[in-house]
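All chains should be built: construct the whole structure from the sequences, respecting the hints.
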Amino acid sequence: SQQGEEDPQALSIQEGENATMNCSYKTSINNLQWYRQNSGRGLVHLILIRSNEREKHSGRLRVTLDTSKKSSSLLITASRAADTASYFCATSNQAGTALIFGKGTTLSVSS
Amino acid sequence: GAGVSQSPSNKVTEKGKDVELRCDPISGHTALYWYRQSLGQGLEFLIYFQGNSAPDKSGLPSDRFSAERTGGSVSTLTIQRTQQEDSAVYLCASKLAGGGDTQYFGPGTRLTVL
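Read top to bottom, the protein sequences are chains Z and C.
Every letter in the first sequence is one number past the one before it in this note's numbering, and letter 16, counting from 1, is 16.
Residues are numbered in this note's numbering as their position in the second sequence, beginning at 1, plus a constant of 1000.
There may be inaccurate statements among the hints.
[Claimed, not checked] Label-pair distances were calculated between CB atoms; the ranges are:
| id | chain 1 | residue 1 | chain 2 | residue 2 | range |
| --- | --- | --- | --- | --- | --- |
| 1 | C | S1058 | Z | S110 | 29 to 35 Å |
| 2 | Z | R60 | C | G1099 | 21 to 27 Å |
| 3 | Z | Q94 | C | G1099 | 18 to 24 Å |
| 4 | Z | S110 | C | K1015 | 37 to 43 Å |
[What the hints assert, rightly or not] No more than 20 Å apart at the CA atoms, straight line, and that leaves these computed lysine to aspartate or glutamate pairs for EDC-like:
| id | chain 1 | residue 1 | chain 2 | residue 2 |
| --- | --- | --- | --- | --- |
| 5 | Z | K103 | C | D1024 |
| 6 | Z | K56 | Z | D66 |
| 7 | Z | K26 | Z | E53 |
| 8 | Z | K70 | Z | D83 |
| 9 | C | K1017 | C | D1063 |
| 10 | Z | K26 | C | E1044 |
| 11 | C | K1015 | C | E1085 |
| 12 | Z | K103 | C | E1044 |
| 13 | Z | K56 | C | D1101 |
| 14 | Z | K70 | C | D1101 |
| 15 | C | K1015 | C | D1063 |
| 16 | Z | K69 | Z | D7 |
| 17 | Z | K69 | Z | E5 |
| 18 | Z | K26 | C | D1101 |
| 19 | C | K1057 | C | E1044 |
| 20 | Z | K26 | Z | D66 |
| 21 | C | K1011 | C | D1024 |
| 22 | Z | K103 | Z | E5 |
[What the hints assert, rightly or not] Some chain C residues judged to face chain Z by a derived CB distance under 10 Å, without partners named:
| id | residue |
| --- | --- |
| 23 | G1003 |
| 24 | H1029 |
| 25 | Y1033 |
| 26 | L1043 |
| 27 | F1065 |
| 28 | F1105 |
Keep in mind the hints are simulated off the structure, nothing from the lab.
Because the structure is a prediction, the values reported are computed rather than measured.
All C-beta atoms in this analysis are idealised placements derived from N, C-alpha and C, irrespective of residue type, glycine included.
This is the structure:
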């Protein structure tokens, strides 16, 4: 079963607006990652937040983690058309041998 | 340096045929992963290789699926007697041992079984 579940499933915004995606997970984690996927192909790592961190920034990205609620959010500020993609959260499986992904949020940014 | 590469980028095959998908990880990356992404199931882990250790095959959906990694580098995922439900994008990823949990993904192979 999926470890992470994102919402919303789809999000449509205008350029310049902020986009917020949420992720929930089920078991304890060491860290949580966010990946981006363009056109159903390879995933690109965006950011990793450790379980002892509450917030992390990278450029226009801001990630929060609430381990008490087993949830994380990804905020993309001042969105651009080029941010149009699917975004996935991922956590490691118990054995530490694989990533478990949520179903993803499809973001569409129109100019 | 070069990223993870996969070939072919697209593969169309007939039901019942065998297919081989190839992954070239980033040079020096000892960990290699295969995932499958299909419409109904999202991204699923298939198999994990780490150096000379026995692979973690717990994600392989059936005995029609197998994978090997030769010389600790290139990996081949083989699907025998393909079925229509095998249609998906097969993604390969690699990472450095001790390099944290970040994985580097290839562009994937889109498999269509007719």
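Outcome of the hint check:
1. S1058/C with S110/Z: 29 to 35 Å: violated, 42 Å
2. R60/Z with G1099/C: 21 to 27 Å: holds, 25 Å
3. Q94/Z with G1099/C: 18 to 24 Å: holds, 20 Å
4. S110/Z with K1015/C: 37 to 43 Å: holds, 40 Å
5. K103/Z with D1024/C: With a Cα-Cα distance of about 26 Å, the restraint between K103/Z and D1024/C is violated, given a limit of 20 Å.
6. K56/Z with D66/Z: holds, 12 Å
7. K26/Z with E53/Z: holds, 18 Å
8. K70/Z with D83/Z: violated, 26 Å
9. K1017/C with D1063/C: Answer holds: K1017/C to D1063/C is near 15 Å, not above 20 Å.
10. K26/Z with E1044/C: Satisfied, since the Cα-Cα distance of roughly 16 Å is no more than 20 Å.
11. K1015/C with E1085/C: holds, 10 Å
12. K103/Z with E1044/C: Measuring from Cα to Cα gives roughly 10 Å; hence the hint holds.
13. K56/Z with D1101/C: holds, 17 Å
14. K70/Z with D1101/C: Judged against 20 Å, a Cα distance of about 19 Å means the pair holds.
15. K1015/C with D1063/C: holds, 16 Å
16. K69/Z with D7/Z: OK: K69/Z and D7/Z at ~15 Å, within 20 Å.
17. K69/Z with E5/Z: holds, 13 Å
18. K26/Z with D1101/C: holds, 18 Å
19. K1057/C with E1044/C: Satisfied, since the Cα-Cα distance of roughly 12 Å is no more than 20 Å.
20. K26/Z with D66/Z: holds, 12 Å
21. K1011/C with D1024/C: holds, 17 Å
22. K103/Z with E5/Z: Holds - the C-alpha atoms of E5/Z and K103/Z are around 6 Å apart, at most 20 Å.
23. G1003: holds, 8 Å
24. H1029: violated, 14 Å
25. Y1033: holds, 6 Å
26. L1043: holds, 4 Å
27. F1065: At about 15 Å, which exceeds the 10 Å cut-off, the nearest Cβ of chain Z leaves the hint on F1065/C violated.
28. F1105: Result: holds, 4 Å to nearest chain Z Cβ.
Hints 1, 5, 8, 24, 27, counting from the list given before, are not met by this structure.
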